[in-house]
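Generate coordinates for the entire structure from the input sequences, incorporating the hints supplied.
With numbering that gives the first Met the number 0 as the guide, the letters of the sequence shown map in order to residues 0 to 114.
Keep in mind the hints are simulated off the structure, nothing from the lab.
You can take every hint at face value.
No farther apart than 20 Å at their CA atoms in a straight line, the calculated lysine to aspartate or glutamate pairs in the DMTMM-like style are these:
(1) 63 <-> 33
(2) 6 <-> 39
(3) 60 <-> 33
(4) 63 <-> 39
(5) 110 <-> 33
(6) 101 <-> 33
(7) 110 <-> 79
(8) 42 <-> 55
(9) 13 <-> 109
(10) 77 <-> 18
(11) 112 <-> 82
(12) 77 <-> 52
(13) 6 <-> 93
(14) 112 <-> 33
It should be emphasised that the depicted structure is a prediction, and the values quoted were computed from it without experimental measurement.
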Amino acid sequence: MQIQVLKSKIHRVKVTQADLNYIGSVTIDSNLMEAAGLIEHEKVQIVNVNNGERLETYVIKGKKGSGTICLNGPAARKVELGDIVIIISYALMDFEEAKKFKPSIIFPNEKNKLN
0 MQIQVLKSKI HRVKVTQADL NYIGSVTIDS NLMEAAGLIE HEKVQIVNVN NGERLETYVI
60 KGKKGSGTIC LNGPAARKVE LGDIVIIISY ALMDFEEAKK FKPSIIFPNE KNKLN
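Next up, the structure:
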């Protein structure tokens, strides 16, 4: 049996941009991606703490050290600049493996930087 479990989480980052005219996705500072164990084009869930919106999209690598969290395309309508979001990815794994697995969870500061 396989189950879906939390793989990575970027907890409470600030939306720095929203680009309605882009083709889609979320752009994330590559430092944050690396720390959380996310890769480009990986599917993620975005949870908006300010308004309760939830959406799924994929990751695009942003400039290293920029603090960028940019919702692109239709997802841009689900956020306001300055909203706080949680970015989550999941993995499918064997039940026994999942019992031992430890997700990567990071807690950036108010400037979307790691301390």
